[in-house]
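Residue numbers (my numbering), protein chains in the order written: chain S, 33 to 328; chain A, 28 to 452.
Quick caveat, the hints were computed from the structure, so don't treat them as lab data.
Hints should not be assumed to be uniformly reliable.
Unchecked claim - Distance condition first, Cα-Cα at most 35 Å in a straight line; then the derived DSBU-like pairs of lysine-lysine: (1) A/Lys177 - S/Lys188; (2) S/Lys174 - A/Lys203; (3) A/Lys336 - S/Lys188; (4) S/Lys100 - A/Lys432; (5) A/Lys177 - S/Lys174; (6) A/Lys271 - S/Lys100; (7) S/Lys188 - A/Lys271; (8) S/Lys188 - A/Lys373; (9) S/Lys100 - A/Lys102; (10) A/Lys189 - A/Lys271; (11) S/Lys42 - S/Lys100; (12) S/Lys174 - A/Lys271; (13) A/Lys432 - S/Lys188.
Said to hold, decoys possible - With the C-beta cut set under 8 Å, the calculated list includes, among others, these residues of chain S facing chain A: (14) Asn39; (15) Thr41; (16) Val77; (17) Leu80; (18) Val83; (19) Asp85; (20) Pro115; (21) Leu184; (22) Tyr185; (23) Met187; (24) Phe292.
Claimed, not checked - Beta-carbon label-pair distances, calculated as ranges: (25) S/Thr147 - A/Arg70: 28 to 38 Å; (26) S/Leu236 - A/Asp306: 27 to 37 Å; (27) A/Glu78 - S/Pro63: 38 to 48 Å; (28) S/Thr180 - A/Gly337: 49 to 59 Å; (29) S/Thr79 - A/Arg70: 35 to 45 Å; (30) S/Ile116 - A/Lys432: 39 to 49 Å; (31) S/Thr180 - A/Thr193: 28 to 38 Å; (32) S/Arg318 - A/Arg444: 40 to 50 Å.
Don't be surprised by glycine CBs; every beta carbon is placed ideally from N, CA and C.
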Amino acid sequence: MSSSRLNLTKIRPYLYLVPSLALLSVFTYFPILYSTYLSFFRQNVFTLEPVFDWFANYAAVFEEPVFKIVVRNTVVYALGTIPITMFLALLMAILLNEQLGWIRDIYRVACFYPTMIPMAAAGMLAVWLFNPGIGLINHYLKMFGVPTIEWLYDMKWALPAIMLTAIWKNFGYFMLIYLAGLQNIPGELYESASIEGCGFWSRLRYITLPLLGPTTVFVVIQGIITSFQVFDLVYVMTQGGPADRTNVFVYYIYQNAFRFWDFGQASALTVMFVIVLLILVFILTRFMERRVHYEV
Amino acid sequence: MKRKSILSMALLLVVLFSAFPVNAQLVRLTYYYPVGVAGPLARVMNEYVEEFNALHPNIEVVPVYSGDYDPTMQKVQTAVRGGNPPDVFIVEISELPTLLAMNAIEPLDEFVTDEFLSDFFPAFLENGYSDGHIWGIPFQRSTPVFYWNKAHFEEAGLDPEKPPTTWDELREYAEKLTVRDPQTGEVIRWGVTISGGWNDWLFQCFVRQNGSKLIDYQERTAVFNSPEAVEALEFWVDLTQNLKVAPPHSTWASTPPDFVAGRTSMLYHSTGVLTFIMDSAQFDFGVGFLPGKVSYGAEVGGGNLFIGKGIPQERKEAAWKFIEFLTTPEMAARWSRDSGYVATRKSAYEVPEMVEYTNENPEYLVARDQLQYAAGKMMSPAFQRVREILKTALDEATAGRTTPKAALDQAQTQINRLLGQWLQQ
């Protein structure tokens, strides 16, 4: 009797995991394994039936001159959007955590509202806003004497335009997470700090930022994953152009699989993508989480 | 009494069977179609299908609006790989070799007659042929045409009724039409815009005008760095980089609004946007042939109708009936009026409604008249990748990052690697 109960308590956690494990297996783990398997086969418009070909697909990836541009775009996109999104999110979260009455509510809604717009609709909206001739953005820039920027037409400006759209679209979500993090910081800490005579800045420096550590780790990981996965905005706004200057990793995988119908190459790219993401997340969780936990 | 009831039973049976014989052998067809302009044209297409279904009680066509050309091709490919191809579908004409490589379509030789084919414009038929068989029937077809803003022409002291007819004239006019901010030198109005997005298609037209072509599908040759092609790209770089009278990059969807907003004075775009420009432009504009070099020249574009591979004979026959219905001269004329596409058959322009319509709007005849200088569109297996390679070369060159020769040499190397198998055969 007691031994079977013991067994049950041992098994129980695993039983709880079964539903999510089943879903993950079907929709995540199996596709990853299957992509890995497919990546060793040549399969494209010329060879419809898969032919085993070792690492030929991986080698072919590096032969494409576009691949270098794609990697650069993805890295630039991630490095450009994550810090700015995080900074904006944190700034707005701290400001909106203050007692500002009804203004606070309005601003909270205003900041979070881009997050609620579907990505494709946001992309279409941005296409019109960034239109060099009749777009609002150039219209306002002109008032400040900024010369016409061709935005999505321009090799230099197309990616920044998508990055700006992504920052606008995403920072509200991260702000919400930061707000939740801020509300978890015990009020006594601030109380005792003000008794000690600490001002706004030292409270920020010695209480708020350190205690937001775990939230920041989560935000960074989440930020990396969303920025590496960017697809919708590119698909809607530029389709990777001009001259692949907005072609990012996931869009490139899509191009290879569904436009070029080259499943071997697309699978090889997918596997590389998964490995890079796993390594990044592993490093982050390992080295950051250790330093950010404070016991209160 | 007994006899009476038997009789009435028999009568009832006869009535029942005569009421349902249709359902007993109803042939259901799936039909994938893309349209450039989502809302209104999808409704028009559904109307056509309803009319066909009403005329053929034993056939039911189920229309599936499948987005743009790319998503449609993806849906077709997925369906074919899943062993369940659509019965009838429209995809972009250059996809023919890919469809053949995937074993996705049926040849249509058993259905077509010489008489049927001879009425279509020859340039439109070209992309339907491969290996001596016919596979696709022209439906929504277009060519690029040249639009110019007559008000801007007058402003610049040019004859508003005379568009440029050669590359040299085009360059000269574009210089005159470009307006720059006197202080900053920044361009306020472009002289000419060669629309991006499908700039590969427009470039093929320039190469044709220069007396060459990039890919010969029947001969299986691909020459992207011929002197004629290099010269054409040098001309583009001249306009975009040296003279700065044309924007180096743009997107397909945004340039017609640019033209309508007066941000560019001359525009290279599909005849498909004529209706949009006509409805939105607040100024007089003209439609003309693409300016020539050695000769006038253009490549046709648009979508053909195909029948899915391996469907049962009765569905194949029903599918052909549907194709015939969609391509009669009357329907070709009607679709042209509804959509702005070029009617695919000569006799469509003799249909009374069409005569009346083109008398009122002679602009719609320009694309048809240009067909005598037009040829089939570039096609090859793995066409989408070929397109991307060419587009990258064009965009890099017009951005001034590399010379036209170097860009096209690079493209040639990639094309050789990609199509090596196919070219050698």
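We went through each hint and held it up to the structure:
no.	hint	result
1	A/Lys177 - S/Lys188	holds (34 Å)
2	S/Lys174 - A/Lys203	holds (25 Å)
3	A/Lys336 - S/Lys188	violated (45 Å)
4	S/Lys100 - A/Lys432	holds (22 Å)
5	A/Lys177 - S/Lys174	holds (28 Å)
6	A/Lys271 - S/Lys100	holds (29 Å)
7	S/Lys188 - A/Lys271	holds (17 Å)
8	S/Lys188 - A/Lys373	violated (47 Å)
9	S/Lys100 - A/Lys102	holds (30 Å)
10	A/Lys189 - A/Lys271	holds (23 Å)
11	S/Lys42 - S/Lys100	violated (50 Å)
12	S/Lys174 - A/Lys271	holds (21 Å)
13	A/Lys432 - S/Lys188	holds (23 Å)
14	Asn39	violated (45 Å)
15	Thr41	violated (46 Å)
16	Val77	holds (5 Å)
17	Leu80	holds (6 Å)
18	Val83	violated (13 Å)
19	Asp85	violated (14 Å)
20	Pro115	violated (28 Å)
21	Leu184	holds (7 Å)
22	Tyr185	holds (4 Å)
23	Met187	holds (5 Å)
24	Phe292	holds (5 Å)
25	S/Thr147 - A/Arg70: 28 to 38 Å	holds (34 Å)
26	S/Leu236 - A/Asp306: 27 to 37 Å	violated (57 Å)
27	A/Glu78 - S/Pro63: 38 to 48 Å	holds (44 Å)
28	S/Thr180 - A/Gly337: 49 to 59 Å	holds (55 Å)
29	S/Thr79 - A/Arg70: 35 to 45 Å	holds (41 Å)
30	S/Ile116 - A/Lys432: 39 to 49 Å	holds (41 Å)
31	S/Thr180 - A/Thr193: 28 to 38 Å	holds (31 Å)
32	S/Arg318 - A/Arg444: 40 to 50 Å	holds (41 Å)
The earlier numbered hints that this structure contradicts are 3, 8, 11, 14, 15, 18, 19, 20, 26.
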